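Enquirer: Listed here are the chains, written in short residue letters.
Protein chains: 2
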Amino acid sequence: MSKLTDVPKRILIGRALRSDRLGETLLPKRIALPVFASDPLSSVAYAPGEVLLVLSVAGVSAYHFSPWIALAVVVLMFTVVASYRQNVHAYPSGGGDYEVATTNLGPKAGLTVASALLVDYVLTVAVSIASGIENLGSAIPFVVQHKVLCAVAVIVLLTLMNLRGVKESGKLFAIPTYVFVGGVFILILWGAFRGLALGDTMRAPTADYQIKAEHQGLAGFALIFLLLRAFSSGCAALTGVEAISNGVPAFRKPKSKNAATTLAMMGLLAVTMFCGIIALALVTKVRMAENPAADLLHNGQPLGAGYVQDPVISQVAAAVFGEGSFLFVVLAAATALVLFLAANTAYNGFPLLGSILAQDRYLPRQLHTRGDRLAFSNGIVLLAGAAMLLTVVYGADSTRLIQLYIVGVFVSFTLSQIGMVRHWNRHLAVEKDPASRSRMIRSRAINAFGAFFTGLVLVVVLVTKFTHGAWVALLGMVIFYATMTAIRKHYDRVAEEIAAPEGPSDDMVRPSRVHSVVLISKIHRPTLRALAYAKLMRSDTLEALTVNVDPAETKALREEWEVRGIDVPLKVLDSPYREVTRPVIEYVKSLRKESPRDAVSVIIPEYVVGHWYEHLLHNQSALRLKGRLLFTPGVMVTSIPYQLASSEAAKLRARKRQEWNAPGAVRRGPAERPKAAPAGKD
Amino acid sequence: MSKLTDVPKRILIGRALRSDRLGETLLPKRIALPVFASDPLSSVAYAPGEVLLVLSVAGVSAYHFSPWIALAVVVLMFTVVASYRQNVHAYPSGGGDYEVATTNLGPKAGLTVASALLVDYVLTVAVSIASGIENLGSAIPFVVQHKVLCAVAVIVLLTLMNLRGVKESGKLFAIPTYVFVGGVFILILWGAFRGLALGDTMRAPTADYQIKAEHQGLAGFALIFLLLRAFSSGCAALTGVEAISNGVPAFRKPKSKNAATTLAMMGLLAVTMFCGIIALALVTKVRMAENPAADLLHNGQPLGAGYVQDPVISQVAAAVFGEGSFLFVVLAAATALVLFLAANTAYNGFPLLGSILAQDRYLPRQLHTRGDRLAFSNGIVLLAGAAMLLTVVYGADSTRLIQLYIVGVFVSFTLSQIGMVRHWNRHLAVEKDPASRSRMIRSRAINAFGAFFTGLVLVVVLVTKFTHGAWVALLGMVIFYATMTAIRKHYDRVAEEIAAPEGPSDDMVRPSRVHSVVLISKIHRPTLRALAYAKLMRSDTLEALTVNVDPAETKALREEWEVRGIDVPLKVLDSPYREVTRPVIEYVKSLRKESPRDAVSVIIPEYVVGHWYEHLLHNQSALRLKGRLLFTPGVMVTSIPYQLASSEAAKLRARKRQEWNAPGAVRRGPAERPKAAPAGKD
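Heads up: the sequence lines are chains Z and R, in that order.
Here the first sequence stands for residues 1 to 682, where the numbers follow the UniProt record's numbering.
Here the second sequence stands for residues 1 to 682, where the numbers follow the UniProt record's numbering.
Extracted from the complex, chain Z is given alone in its bound form (with noise of 0.2 Å):
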């Protein structure tokens, strides 16, 4: 087999499969937008809906505000559209909006715009679950009268996939995203023809209902606040825009462009989405309200408690589809599946933000490398932890949830556009280029608006949204802030304490002689071998130890050494309780003592077996006196396996999990080839 012969090869460069994966893993814009573009499209199934609910506060009249926040929305999406664009092609890296803040405004800034992203992910796990569920239940109703159950079912069901390593594809994404986009069209183009063609009159199966407005006659200030705050909520269709600018090294070439475009795309396909539904919602009448079982009423009586507010999306298409009907029920379903898609969206976002984090030292350094199972898996859990417990916490309530979710994005958006203003001011201060000044200047523009635009739906979105939920989302991210702080902290601490001092390395205090301990408790292979290698390794002196736990088996032990003439000699520490920890460290610590400018290295023979069971039956000795060890200064502690038959399984399972996935290995693209340092011996 080549894989075996080609040893050096592969060291070289990683393994056979790589360049195979490289293409694989380059995306098409065609599969590009589903993967990205799942969690923005996917809002549209509740942004709309979350519109009308606010205005219902001031009566049915207020729907007429409708059209134009849908108006506001969509500028703003092609504000930030635009916006992000510019990003694209300044930060080709993929790093998004954290690399932006952090290179432009400093790494408090970053260190916000992470802190308010992960945040985000958690609710973006909560969020569309809660709303997949609730569009599943418009045509199951056994999923919503199980709303909470069921949505920690899907939790823990996307918490298992990632976990085990399921292969993202683009494929997975691409169909149901595509079936979801090409539904919604049909809906909205089906439902115009029947209504401009045929003239139909198409009501949805709310049109009947009355709303109890909460505040009758609303004017003024009081309006105008209500208003921002259902453009508040329409925002929700806006999360999620920034996921391209963190994927663009997974684009094909020429990536930036390839990005930028896709971007449009999406944007253009998500206000067109909103927008149709919106209209459709206000032609079918569509009554929802934010407090249904009181607010709605049929006959002029309270719908009550057991009535159960299907999503706007799925109401427009019992009007146009009729309920029921096959295509109703594959859009309720594409709907939930995108909605889901979405949800995986952060258990991929999460890590690989993660690990930018971790590279600068704000969170676990192995964070950083790839593949590292069980740091995906604590990222994985903490975030699955986090977004169930919100769900419970809300009921899985979508309306609520939605209340803590904009803030974290706004405050990604908004610094991370006046970071880019800043890199325009940069660029300009030292580029003489009169084309690329003009085309730098013209970046700007757009960025200072969308910095401007979106920095004012935050101060909007905090007035609000902040007693209705927002403060939770702020107080999330601080504690992520001052944990990370603190992190970053411990790592400067210690960098500070262990940095090397000037000069060349002959500074350091070397040890003049090393003197080394073979512990031993039985002559066996194992111990054979541990000898061997002692040996082998030249100290200024070589003894074995032993403990005396049992006399009877050190007197065995004693004859077998002089029967098989061992040439090492051979000690035995008392051990009057029976311990083996304390006796050995007390003897290192002694030898320490005699010559403190020499070192002790201990040498402990160890036994590989192939299961955790196994692995209490061995080596818990040796695994406690290495700990002890550890914190005895001058000491080396050396392990010398013995691979026992049993541990062959151990490597199958070992070789199992190297060809694990990390989850968002689509998006992220192949890595980085390395700049420098080509390998090899130097």
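Calculated from the structure, these hints are not laboratory results.
Note that the list lumps identical chains together, so a pair holds whenever it fits in one copy or between two copies.
Straight-line distance between alpha carbons at most 27 Å, and here's what the computed DSSO-like set of lysine-lysine pairs gives:
{"hint": "1", "residue 1": "Lys593", "residue 2": "Lys651"}
{"hint": "2", "residue 1": "Lys651", "residue 2": "Lys589"}
{"hint": "3", "residue 1": "Lys555", "residue 2": "Lys489"}
{"hint": "4", "residue 1": "Lys555", "residue 2": "Lys535"}
{"hint": "5", "residue 1": "Lys535", "residue 2": "Lys626"}
{"hint": "6", "residue 1": "Lys489", "residue 2": "Lys522"}
{"hint": "7", "residue 1": "Lys651", "residue 2": "Lys489"}
{"hint": "8", "residue 1": "Lys522", "residue 2": "Lys626"}
{"hint": "9", "residue 1": "Lys171", "residue 2": "Lys29"}
These figures come from a predicted structure and were not determined experimentally.
Use these hints to put chain R onto chain Z, whose structure you have.
Expert: Okay, now just chain R, sitting in the frame of chain Z:
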């Protein structure tokens, strides 16, 4: 400080404190009695009641059989005590029933005894605490109303105490045990005085109730069966008698004689209390039923589900002292306390037996070394978990739990006594001295009678209780037996696999050269130290190895390497997927492939920190790499620790852990003096 200057001496004799501790640990008889007898003495708190309960099945008229049953229990108690006095003399090492059965009947019999004892320890906890709660409940109704909760709380408390290693002290046992014994004797004497001298009519709280016999007018075989069942229940009074035979080493000299005397005292106290309570119960007309809600009638009406049946000892105390009187409350409290101490006995005995079983490789080896906190903790948690499960399943009902209890005790009694008969046979085969021979023949007769009687009781218990719950205990024994057999098989298989080949050790293929590799991530004190130590080891070749995870960092490392003029070649491994483990493993494998007879020494600098959460931030890659390297043949793995300032905290904790007292230390006595192999250099 002499502590620091006297290191070699401390190594020889362990700790400076050792000899002091030794004196402190040996028990005089007056302390040994409560330490070992709290379990058997406390069982008189429930055993008499159990006899009455069973008899009540045949109606109150059957109560007149109870003196005969008490007599049978007394005879059995004397038989068992007499038998164990032989054990104590013949096996002064404290191995107990397990040792006796293994030595004389073979390992299978020994393992059966061990399984029975392990099950018994679990049941001692469950039964004693359930009964303690019931006794406490007779004074404090709240406790008995929340029986399961309180029982579980006591188990948790005992578990935490034992996990923390609260130092066992003889006095802790002495006071409640003597208060309890004293209280019961005052009860009996005062009752006798009131009844005989004053002619008072003492009436238990239940004296007016009638018992509805489940089987009226039982006769013939059915009656005999019921009497045997009542006798079986009464045998609960014998549980724990064997404890002294495990604890001979803890006695002052002459150990065996003192232990035998203590055993006799214990037997005498137990039977006196048992008979006294039965007698008082008959005089005061205590009425108890297995199912009191339905079978106890007051004025012809069943008492109903709300009725709580108080233990016999508390009913008698209420009759003699008056309900709620000072002595009544003191006796209830002392009874509960002594029962909780009896439960604590199991927490001490379980790890002690575990340590002996570990020596014979039926349990993980590390249980054998004393003071191994982790191993003890696992044992304690296992014990507590099993006891808690039983408590919850059986609703903390001592009567239902006792059905499970007695099987294990009599399995070990019987096998131990049969073993003793074999023991004497073996000795008689070689003994010539007529005086010794006649003593041995006498002992053999006692043990033979003991074996016969306890074996008979075992059969009776099995027949009368199997369906009542004894099958659960048997199932538990089977599980323990199977697990221990599997562990032993594993150890035997491994021992065979690793057995050293015959002849001198040079038979082993010894690697010819050693190639050392120091893993480097950055240049700092830990890596410089590792390099210095690695140079000391004088391996055949030495190189530094780094994985190119981040090209910029790698470049900086190479430059600093040059600047510092480090005279070890630096090799850079490429890692396209930013992994650390795989490139290193493959490189090591390639080295081995180039020269298969050489060994590879991988040297890993490691940070040592003081808190687990700090540990999460460091060494994770090193840990994973070490784990994988152990599976690679021909490799030795050396950790060179660098102690960060925060590691001081861990050192302090380690020192505290050293002062931890293993549960059961008092009853175990001081560690044996080594019989051979005095310490010191060869």
